[in-house]
Amino acid sequence: MTVPAPYHLALSAVLFTLGMVGVLVRRSALVMFMSIEVMLNAVNLALVTFARLRGAVDGQLLVFFVLVVAAVEVVIGLAIIVDVFRAMETVDVDDVDLLRG
Amino acid sequence: MLIPVLAVLVPTLPLAGWALNGLWGGRFTRRTVAIVACGAVAAAFAAAALLLWQIRLAPPPGRAPAGGPSWSVDLYSWIGAGSIQVPMRLLVDPLSVAMALVVGGVGLLIHVYSVGYMDGDPGFARYFAYLNLFMASMFWLVLAGDLAAMFIGWEGVGLCSYLLIAFWFTRPAAAAAGVKAFLVTRLGDVGFLLGIFVAFGVFGTTDFGVMTRDAGARLALGGGAATALALLLFAGAAGKSAQLPLYVWLPDAMEGPTPVSALIHAATMVTAGVYLIVRLHAVFLRAPAAMDLIAAVGAVTAIFAAAAALVESDLKRVLAYSTISQLGYMFLAVGVGAFSAGIFHLTSHAFFKALLFLAAGAVMHALGGETDMRRMGGLARRLPRTAAAFAVGALALAGIPPLSGFFSKDLILSEAFRAQAWLWAVGVAAAGLTAVYIVRAFALTFLGADLRGAEGAAHDPPPSMAAPMWILVGLTVAGGALGWSFTHPGILERFLLTVLRAGAGPTARAGGAGEGTLVAASVLVAVAGIVVGWLVYGRRSLRGGVPVLARLLRRRFYIEDAYAVAVIGPVRALARAAAVADLTVLDAAVMGLARAVGRSGQALRGLETGYLRHYAAFVLVGVLLILAYWVSR
Numbered sequence: 030m031t032v033p034a035p036y037h038l039a040l041s042a043v044l045f046t047l048g049m050v051g052v053l054v055r056r057s058a059l060v061m062f063m064s065i066e067v068m069l070n071a072v073n074l075a076l077v078t079f080a081r082l083r084g085a086v087d088g089q090l091l092v093f094f095v096l097v098v099a100a101v102e103v104v105i106g107l108a109i110i111v112d113v114f115r116a117m118e119t120v121d122v123d124d125v126d127l128l129r130g
Numbered sequence: 051m052l053i054p055v056l057a058v059l060v061p062t063l064p065l066a067g068w069a070l071n072g073l074w075g076g077r078f079t080r081r082t083v084a085i086v087a088c089g090a091v092a093a094a095f096a097a098a099a100l101l102l103w104q105i106r107l108a109p110p111p112g113r114a115p116a117g118g119p120s121w122s123v124d125l126y127s128w129i130g131a132g133s134i135q136v137p138m139r140l141l142v143d144p145l146s147v148a149m150a151l152v153v154g155g156v157g158l159l160i161h162v163y164s165v166g167y168m169d170g171d172p173g174f175a176r177y178f179a180y181l182n183l184f185m186a187s188m189f190w191l192v193l194a195g196d197l198a199a200m201f202i203g204w205e206g207v208g209l210c211s212y213l214l215i216a217f218w219f220t221r222p223a224a225a226a227a228g229v230k231a232f233l234v235t236r237l238g239d240v241g242f243l244l245g246i247f248v249a250f251g252v253f254g255t256t257d258f259g260v261m262t263r264d265a266g267a268r269l270a271l272g273g274g275a276a277t278a279l280a281l282l283l284f285a286g287a288a289g290k291s292a293q294l295p296l297y298v299w300l301p302d303a304m305e306g307p308t309p310v311s312a313l314i315h316a317a318t319m320v321t322a323g324v325y326l327i328v329r330l331h332a333v334f335l336r337a338p339a340a341m342d343l344i345a346a347v348g349a350v351t352a353i354f355a356a357a358a359a360l361v362e363s364d365l366k367r368v369l370a371y372s373t374i375s376q377l378g379y380m381f382l383a384v385g386v387g388a389f390s391a392g393i394f395h396l397t398s399h400a401f402f403k404a405l406l407f408l409a410a411g412a413v414m415h416a417l418g419g420e421t422d423m424r425r426m427g428g429l430a431r432r433l434p435r436t437a438a439a440f441a442v443g444a445l446a447l448a449g450i451p452p453l454s455g456f457f458s459k460d461l462i463l464s465e466a467f468r469a470q471a472w473l474w475a476v477g478v479a480a481a482g483l484t485a486v487y488i489v490r491a492f493a494l495t496f497l498g499a500d501l502r503g504a505e506g507a508a509h510d511p512p513p514s515m516a517a518p519m520w521i522l523v524g525l526t527v528a529g530g531a532l533g534w535s536f537t538h539p540g541i542l543e544r545f546l547l548t549v550l551r552a553g554a555g556p557t558a559r560a561g562g563a564g565e566g567t568l569v570a571a572s573v574l575v576a577v578a579g580i581v582v583g584w585l586v587y588g589r590r591s592l593r594g595g596v597p598v599l600a601r602l603l604r605r606r607f608y609i610e611d612a613y614a615v616a617v618i619g620p621v622r623a624l625a626r627a628a629a630v631a632d633l634t635v636l637d638a639a640v641m642g643l644a645r646a647v648g649r650s651g652q653a654l655r656g657l658e659t660g661y662l663r664h665y666a667a668f669v670l671v672g673v674l675l676i677l678a679y680w681v682s683r
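From first to last, the protein sequence lines stand for chains A and B. Under this note's numbering, residues 30 to 130 are what the first sequence spells out, in order. Under this note's numbering, residues 51 to 683 are what the second sequence spells out, in order.
Honestly, I wouldn't trust all of these hints.
Stated by the list, open to error - A few chain B residues that face chain A, going by a derived Cβ cut-off under 8 Å, partial list only: (1) E658; (2) T659; (3) G660; (4) L662; (5) R663; (6) A667; (7) F668; (8) L670; (9) G672.
Calculated directly from the structure, the hints in this document are not laboratory data. Where a beta carbon is used, it is the ideal one built from N, C-alpha and C, also for glycine.
All chains, please: the whole structure from these sequences, using the hints.
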């Protein structure tokens with residue numbers, strides 16, 4: 030048996046919200062990063078679901094792009110975090126406020 | 051062919067002297083500077099003399115219709131824009147060569163004199179560089195064969211005049227006088243420039259040869275174009291030659307070194323206006339109304355400046371007003387069509403006025419720069435040779451025969467009498483005043499009690515200064531032979547005849563009783579003036595004359611006050627208004643804008659918290675707003 034589409038979409042919304050809240054409330058750069066990954070994958074789930082509903086592959090195709098870009102972004106993002114840690118000996122984003130007006 | 055080479059050498063040699071002394075003068079010894087400067091001018095004078103010899107000798111290559119023997123030397127094309135072509139062209143003809151000789155001769159003497167006069171001045175090399183540059187510009191002015199090309203020399207001498215008046219630029223009075231001379235002559239130069247444009251419009255070119263040849267065909271006699279052209283050029287001439295009402299700069303120009311006053315502000319540059327009119331006499335003759343105006347301005351200037359000289363207490367300023375007055379005579383002469391008489395007086399005036407200035411310079415040199423005649427007196431005993439030289443110049447200025455000033459002034463007066471009797475009357479009256487004021491100046495300076503006491507050891511100048519003075523004494527005495535004769539045209543007039551044929555006045559002297567009476571009258575007036583001057587001022591009494599008239603004269607008929615009210619006042623007011631507008635309107639706008647940007651930045655800086663989550667929240671809010679917009683649509 031197959032799980033109906035609304036469940037997939039609900040799961041996607043829950044995951045996205047969890048990720049969003051994580052980005053907004055957590056102070057560790059690493060955790061924020063993981064939260065962003067959760068949001069991306071929530072979007073991926075929604076894309077796949079809609080693609081299946083419509084019986085087309087373009088949504089699934091887009092997911093591959095998102096995966097690739099996410100992988101690249103991880104590399105850069107982790108590098109930035111490492112560099113920030115080297116410079117400031119912290120990954121707490123509240124302490125990294127050089128751009129405060 | 052030697053003529054083109056010589057013609058180019060005349061202005062180029064002083065230019066080279068300027069470059070040498072201007073660039074490396076600071077490293078040269080004084081002796082080298084003096085040799086370079088005087089040598090350049092001497093060589094240029096020699097080249098001009100060779101030119102004279104050549105044009106007397108050589109047959110003209112092409113005969114211009116009314117030009118006589120004249121050679122055009124094309125250097126290169128200066129402006130080539132469609133139908134407007136301005137060549138760098140020199141014109142060698144009797145008139146330009148005569149002028150070059152006067153400029154070069156007097157210039158050379160004054161260069162030599164300056165070596166002694168400026169000895170010890172820290173700006174020695176700078177002075178001679180300027181003086182050489184002036185000579186180059188002046189030679190260019192008189193040799194230029196094109197009105198537009200002449201303008202280069204015209205402005206060049208103006209620049210050098212400014213630089214040399216303000217030579218001692220640390221003195222505020224000298225700096226101000228330089229600026230004044232520059233600005234006032236600029237007024238006239240605007241007229242000159244507009245005149246060049248009109249000439250382009252009328253003739254399609256500004257070549258002197260073409261303008262002279264075509265003046266009859268292109269300009270209707272007394273027509274608007276002819277009158278406009280003549281008046282515009284006369285405006286330039288009046289500014290440069292210090293005629294009413296643009297004379298105000300010349301007395302102040304006496305702030306410069308005295309040899310400069312002798313060379314630029316008496317003998318050469320200020321006569322450029324006369325030369326311009328003679329050079330373009332064919333054009334001016336097409337505008338009788340303008341000619342009448344020129345003659346009238348000249349006559350009025352002659353008597354006005356002579357009157358002003360009567361109450362001046364500064365020796366150099368007396369001579370300055372005297373120069374203005376004598377320039378008035380020259381304009382009177384060219385205004386009545388007596389062009390060669392104008393050039394004749396220009397020449398003899400260059401001799402005797404340079405002599406007077408050099409003698410005045412010798413007095414100043416002896417007294418440590420004193421120019422106020424009220425603090426002089428009795429100097430004839432201390433400076434006997436200087437006093438004698440000054441006396442010769444003074445007698446020539448007063449018009450006592452057989453000195454050169456007598457011949458040239460008399461020629462002008464008799465030509466004026468032929469034209470309009472009132473011009474003659476004014477001229478004679480001015481001649482009488484001339485005799486009075488120069489006797490006054492002589493008496494105040496050289497006669498009476500020695501006011502300086504034993505103070506200082508005033509003595510006659512050294513040979514390098516005395517020699518030019520004695521040569522000028524010789525020229526002053528003998529210069530009359532150049533141009534005057536009872537029955538036939540003088541040497542100078544015959545020499546210039548080919549150039550001036552278009553404007554040939556009466557070539558034969560009327561001779562006879564009428565002429566004799568005129569001569570007798572003017573000599574009588576001159577002698578009377580001397581006697582009056584002697585009686586009034588011989589005892590060095592500074593009083594004399596009607597008080598009201600004296601006050602009027604001392605204020606120079608309130609002309610400078612009129613300038614102050616009519617020109618300087620409004621300009622100052624405008625400047626003040628502009629300053630206020632700048633501070634209150636423009637600055638307010640500019641500063642207000644800057645402050646507004648600053649304040650909005652201050653207000654917005656609170657948004658930049660530096661907390662990453664705030665930025666993420668902003669993004670979230672933005673996305674939600676956009677979503678809300680889409681959904682609600």
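Each hint, compared with the structure:
Taken as an interface hint, B:E658 checks out: its beta carbon lies about 3 Å from the nearest beta carbon of chain A, inside 8 Å. At its closest, the beta carbon of B:T659 sits 6 Å from a beta carbon of chain A; the interface hint therefore holds under the 8 Å criterion. The beta carbon of B:G660 comes within 3 Å of a beta carbon in chain A, closer than 8 Å, and the hint placing it at the interface holds. Interface restraint check for B:L662: the shortest CB-CB distance to chain A comes to about 4 Å, inside 8 Å, so the restraint holds.
The closest approach between the C-beta of B:R663 and any C-beta of chain A is roughly 5 Å, which is under the 8 Å cut-off, so the hint is satisfied. With a least beta-carbon distance of about 6 Å to chain A, the hint placing B:A667 at the interface is held under the 8 Å criterion. The restraint placing B:F668 at the interface with chain A is violated, with a minimum CB-CB distance near 11 Å, outside the 8 Å limit. At its closest, the beta carbon of B:L670 sits 7 Å from a beta carbon of chain A; the interface hint therefore holds under the 8 Å criterion.
Because the smallest distance between the Cβ of B:G672 and any Cβ of chain A comes to about 13 Å, over 8 Å, the interface hint for this residue is violated.
Of the numbered hints stated above, those contradicted by the structure are hints 7, 9, listed in ascending order.
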